[in-house]
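**Q** Below, each chain spelled out in residue letters.
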Amino acid sequence: MIHEPLDERELIDRDIEAYLALQQKKEILRFLTAGSVDDGKSTLIGRLLHDSHMVYDDQLDALRKDSAKKSSAGGEVDYSLLVDGLLSEREQGITIDVAYRYFATEKRKFIIADTPGHEQYTRNMATGASTADLAIILIDARYGVLSQTRRHSFIASLLGIRHVVAAVNKMDLRGYDQAVFEGICADYAAFAAKLGLRDVHYLPLSALKGDNVVTRSESMPWYQGPPLLEYLETVPIARDQHTSALRFPVQYVLRPDLDFRGFSGTVASGVIRRGDRVHSLPSGRASTVARIVTRDGDLEEAIAPMAVTVTLADEIDVSRGDMLVHGDALPHVSRGVEAMVVWMHETELRPGASYLIKHGTKVVSAEVTAIHERVDVNTQDRHPARSLGLNDIGRVTLTAARPLLFDAYADNRATGAFIFIDRLTNGTYGAGMILAPAAADAAEGGAEGARGVTAAERLRRLGHKAAAVVLGAGAEGLAYALERRLWDEGFSAHVIGPREAGAVPVCQALGMISIVLAEPGAEIEASTQVVVEDGATVESVLKELRARGVLG
Amino acid sequence: MALTHLQQLEAESIHVIREVAAEFDNPVMLYSIGKDSAVMVRLAQKAFAPGKLPFPLLHVDTTWKFREMVTFRDAFCRENGFDLRVHTNREPEAAGMNPFDHDSQTYTTVMKTHGLVQALGKWGFDAAFGGARRDEEKSRAKERVYSFRDRLSQWDPKNQRPELWNLYNGRIHKGESIRVFPLSNWTELDVWQYIHLESIPIVPLYFAAVRPVVERDGALIMVDDDRMRLRPGEVPMQKRVRFRTLGCYPLTGAIESSAVTLPEIIREMLLTRNSERQGRMIDHDEKGSMETKKREGYF
Numbered sequence: 001m002i003h004e005p006l007d008e009r010e011l012i013d014r015d016i017e018a019y020l021a022l023q024q025k026k027e028i029l030r031f032l033t034a035g036s037v038d039d040g041k042s043t044l045i046g047r048l049l050h051d052s053h054m055v056y057d058d059q060l061d062a063l064r065k066d067s068a069k070k071s072s073a074g075g076e077v078d079y080s081l082l083v084d085g086l087l088s089e090r091e092q093g094i095t096i097d098v099a100y101r102y103f104a105t106e107k108r109k110f111i112i113a114d115t116p117g118h119e120q121y122t123r124n125m126a127t128g129a130s131t132a133d134l135a136i137i138l139i140d141a142r143y144g145v146l147s148q149t150r151r152h153s154f155i156a157s158l159l160g161i162r163h164v165v166a167a168v169n170k171m172d173l174r175g176y177d178q179a180v181f182e183g184i185c186a187d188y189a190a191f192a193a194k195l196g197l198r199d200v201h202y203l204p205l206s207a208l209k210g211d212n213v214v215t216r217s218e219s220m221p222w223y224q225g226p227p228l229l230e231y232l233e234t235v236p237i238a239r240d241q242h243t244s245a246l247r248f249p250v251q252y253v254l255r256p257d258l259d260f261r262g263f264s265g266t267v268a269s270g271v272i273r274r275g276d277r278v279h280s281l282p283s284g285r286a287s288t289v290a291r292i293v294t295r296d297g298d299l300e301e302a303i304a305p306m307a308v309t310v311t312l313a314d315e316i317d318v319s320r321g322d323m324l325v326h327g328d329a330l331p332h333v334s335r336g337v338e339a340m341v342v343w344m345h346e347t348e349l350r351p352g353a354s355y356l357i358k359h360g361t362k363v364v365s366a367e368v369t370a371i372h373e374r375v376d377v378n379t380q381d382r383h384p385a386r387s388l389g390l391n392d393i394g395r396v397t398l399t400a401a402r403p404l405l406f407d408a409y410a411d412n413r414a415t416g417a418f419i420f421i422d423r424l425t426n427g428t429y430g431a432g433m434i435l436a437p438a439a440a441d442a443a444e445g446g447a448e449g450a451r452g453v454t455a456a457e458r459l460r461r462l463g464h465k466a467a468a469v470v471l472g473a474g475a476e477g478l479a480y481a482l483e484r485r486l487w488d489e490g491f492s493a494h495v496i497g498p499r500e501a502g503a504v505p506v507c508q509a510l511g512m513i514s515i516v517l518a519e520p521g522a523e524i525e526a527s528t529q530v531v532v533e534d535g536a537t538v539e540s541v542l543k544e545l546r547a548r549g550v551l552g
Numbered sequence: 553m554a555l556t557h558l559q560q561l562e563a564e565s566i567h568v569i570r571e572v573a574a575e576f577d578n579p580v581m582l583y584s585i586g587k588d589s590a591v592m593v594r595l596a597q598k599a600f601a602p603g604k605l606p607f608p609l610l611h612v613d614t615t616w617k618f619r620e621m622v623t624f625r626d627a628f629c630r631e632n633g634f635d636l637r638v639h640t641n642r643e644p645e646a647a648g649m650n651p652f653d654h655d656s657q658t659y660t661t662v663m664k665t666h667g668l669v670q671a672l673g674k675w676g677f678d679a680a681f682g683g684a685r686r687d688e689e690k691s692r693a694k695e696r697v698y699s700f701r702d703r704l705s706q707w708d709p710k711n712q713r714p715e716l717w718n719l720y721n722g723r724i725h726k727g728e729s730i731r732v733f734p735l736s737n738w739t740e741l742d743v744w745q746y747i748h749l750e751s752i753p754i755v756p757l758y759f760a761a762v763r764p765v766v767e768r769d770g771a772l773i774m775v776d777d778d779r780m781r782l783r784p785g786e787v788p789m790q791k792r793v794r795f796r797t798l799g800c801y802p803l804t805g806a807i808e809s810s811a812v813t814l815p816e817i818i819r820e821m822l823l824t825r826n827s828e829r830q831g832r833m834i835d836h837d838e839k840g841s842m843e844t845k846k847r848e849g850y851f
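Protein chains in written order, with our numbering: chain A, 1 to 552; chain B, 553 to 851.
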């Protein structure tokens with residue numbers, strides 16, 4: 001495995017001990033590659049592995065044979081075959097699941113989460129993004145920024161990735177034209193700003209030809225920046241979790257004998273020091289850190305993400321799922337949380353549904369109190385929603401059976417994240433990122449269930465106010481077109497015929513939008529009425545409903 | 553201050569091991585006696601120090617392991633006070649199954665895969681740690697850290713649970729189990745570096761020595777005992793060899809080498825041009841053979 005430049009190879013050969021000492025200083029960079037079908041993602045990864053010499057001769061032989069047999073690379077070695085692993089994928093020529101790849105240079109060890117670009121695999125992208133520090137978003141130079149590019153960038157930002165490389169690939173097919181590159185960059189920059197992605201690096205490349213992957217492209221002298229690999233080796237990664245508040249979720253209580261009682265866990269953020277005054281949550285009991293124990297000896301302090309065992313000076317009751325923190329920087333403690341959710345299962349997420357959620361080292365029962373909205377992953381528009389389906393992303397409120405100890409995901413990935421587990425199948429159905437503690441009323445209402453449902457709660461659930469849209473008895477065509485349109489947009493609308501006007505008050509009490517075909521002079525009972533004039537269209541009625549605050 | 557890559561890998565693996573010990577009733581750690589197992593066991597010791605391992609070790613013995621492996625296993629477990637369980641699938645053995653008369657695919661399925669499934673059932677283990685790494689083989693690249701197996705211990709690559717952050721879903725129904733891979737994110741180089749750094753004892757077969765071998769189908773096979781069937785014309789030669797991976801001796805190829813220290817092994821690995829699995833005959837039988845084996849319950 002010659003995966004080092006020549007001078008390093010020489011060092012390995014001459015003085016392996018010196019080389020190993022150097023290796024000790026490496027750190028890990030985890031990154032994600034996201035792209036659409038055919039934009040060359042597998043080729044890029046194969047190229048990174050190959051050009052950084054991570055490919056063995058026996059693998060390379062197999063690759064050449066495979067390339068000759070079945071390749072879309074037109075006679076060249078098809079690097080994508082290095083990474084398209086499963087039989088079922090090789091048959092279809094696509095990637096169907098997150099795959100993890102590894103390579104190292106003299107500066108860093110890299111872990112790549114290789115995620116597929118298919119529409120139906122949003123869940124895989126979210127999975128890969130959950131542990132990544134950086135995302136490479138591949139953009140095909142022939143097509144520019146597509147809705148898929150937006151989708152991938154949105155998911156990356158949602159999952160808290162702070163560094164993005166916008167890699168404009170297949171520059172060879174656009175004549176290595178600087179203007180093409182700059183146009184695409186401008187499009188992307190406008191969009192990235194909206195997502196709050198602050199650190200975006202732009203890079204023109206051809207994964208197939210190797211331009212700007214490991215070595216600087218000779219075909220694009222106008223690009224002054226580093227090639228991709230050099231950028232990945234040197235980009236400073238924000239690891240501000242070391243300086244933030246201490247979060248030590250207790251994972252395992254260690255009692256090897258009567259004299260030792262230790263609390264094992266991974267420091268999620270911050271620093272824990274011997275002698276620190278700490279509080280155990282949720283009990284709130286305080287004690288002092290007596291020892292930080294490891295098999296290699298006691299430590300004075302431990303930082304994230306070290307896995308250690310802590311002993312306390314006092315005999316206080318601490319168990320798995322509790323959290324040790326400093327008294328001056330407490331997390332939120334609440335049963336109700338508002339969170340963004342990526343739903344990953346065919347069974348829809350609906351209000352009132354109950355799941356187990358795993359948050360840190362705790363598994364608790366939680367009820368979905370409300371679904372507020374769904375986010376269109378392609379446009380980032382938000383729409384009222386009553387359920388979340390497979391690959392949907394939305395904002396929800398949950399109420400847990402016991403208090404959760406958490407921070408907002410944006411502040412702390414480790415304590416702001418959770419997963420949904422189905423009680424019957426035990427499957428992982430979704431992933432959540434906490435925004436904030438839920439408003440008190442939502443939390444209480446969901447937990448007790450004894451209070452009547454308020455108009456405000458109906459509004460939250462349905463995404464619209466009750467209203468009657470009154471049309472002339474003959475306007476059936478418009479009425480059904482409107483019903484269809486509102487329904488498709490996630491609202492509850494229904495047409496009421498001329499002789500059924502008496503049903504309107506009931507429907508209004510239920511919070512519906514009633515489209516009423518009324519006889520002239522008929523009395524319609526509804527607190528919000530929109531009277532539709534002749535010549536109106538579906539669009540003009542929707543506009544009016546929005547203006548009147550009926551649609552959320 | 554940031555952790556080095558080995559410190560970070562170590563911490564993540566310890567987290568996984570503790571999580572399984574906390575959430576499962578009856579976990580077991582597969583111990584194959586190889587270098588990856590050696591690292592995994594060390595990580596488990598670190599996870600529960602100053603206490604002992606809260607679970608036993610399991611070795612699925614095909615009876616065709618190198619003699620030095622078995623000697624090492626017994627001494628290692630005795631010295632460390634581990635609860636070692638050994639299981640052998642006796643039925644095929646009684647029926648005369650051996651690595652010479654049967655193709656390596658069938659042999660492995662029966663002796664290792666079936667043997668493992670039998671052992672898990674026999675002791676009722678609900679979680680089994682394995683030392684597999686994602687960098688070993690292409691189909692492993694998609695394996696989860698927690699790999700869910702149904703009642704028949706089968707793996708369905710299209711129906712794996714999403715695995716986000718370090719939030720592992722360990723919920724199973726009765727009779728189901730998971731395989732857990734704490735070394736998922738380690739590479740071969742990481743493993744060797746860690747063994748070096750931590751002075752972890754390993755089987756001497758990893759170091760070069762003069763050993764009796766025959767050349768067979770392009771590989772150097774060690775004549776480890778008198779059960780080794782020589783083909784016409786094969787005469788054992790004394791060669792200075794070592795092994796990059798260890799398994800059943802008739803199926804494990806040696807490489808010619810003079811590396812007798814860990815740094816020399818690492819140096820040789822860094823300068824070599826072939827992957828470690830090339831020495832394993834069982835992986836080459838058919839395309840995607842690892843995927844096929846895993847679907848049937850192999851690690």
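One should not assume that every hint holds.
What the hints assert, rightly or not - Computed Cβ-Cβ distance ranges for the label pairs, DEER-style:
#  : chain 1 : residue 1 : chain 2 : residue 2 : range
1  : B       : Ala627    : A       : Glu27     : 30 to 38 Å
2  : B       : Arg619    : A       : Asp296    : 30 to 38 Å
3  : B       : Asp702    : A       : Glu489    : 17 to 25 Å
4  : A       : Arg285    : B       : Asn632    : 35 to 43 Å
5  : B       : Arg619    : A       : Ala401    : 40 to 48 Å
6  : A       : Asp296    : B       : Lys674    : 50 to 58 Å
7  : B       : Glu728    : A       : Trp487    : 36 to 44 Å
8  : A       : Asp257    : B       : Leu636    : 49 to 57 Å
9  : B       : Arg619    : A       : Ser319    : 44 to 52 Å
10 : A       : Thr379    : B       : Asn632    : 55 to 63 Å
Derived by calculation from the structure, the hints in this document are not laboratory data.
Idealized CB from N, CA, C, for every residue including glycine.
**Q** For every hint, state whether the structure bears it out.
**A** Structure-based check of all given hints:
1. Between Ala627/B and Glu27/A, the C-beta spacing of about 37 Å keeps the proposed range 30 to 38 Å intact.
2. In this structure the hint that Arg619/B and Asp296/A lie 30 to 38 Å apart at CB holds, the actual value being about 33 Å.
3. For Asp702/B paired with Glu489/A, a C-beta distance near 41 Å fails the hint of 17 to 25 Å.
4. Checked against the hint of 35 to 43 Å, the pair Arg285/A and Asn632/B passes, with Cβ atoms roughly 37 Å apart.
5. Between Arg619/B and Ala401/A the beta carbon distance is about 56 Å. The supplied range of 40 to 48 Å is therefore violated.
6. About 36 Å separates the C-beta atoms of Asp296/A and Lys674/B, a value inconsistent with the hinted range of 50 to 58 Å.
7. The given range of 36 to 44 Å is respected by Glu728/B and Trp487/A, whose C-beta atoms sit roughly 41 Å from each other.
8. A hinted range of 49 to 57 Å for the beta carbons of Asp257/A and Leu636/B is inconsistent with their spacing of about 23 Å.
9. At about 47 Å, the beta-carbon gap between Arg619/B and Ser319/A stays in the expected band of 44 to 52 Å.
10. Checking the proposed 55 to 63 Å range against Thr379/A and Asn632/B shows it holds: the Cβ atoms sit about 59 Å from each other.
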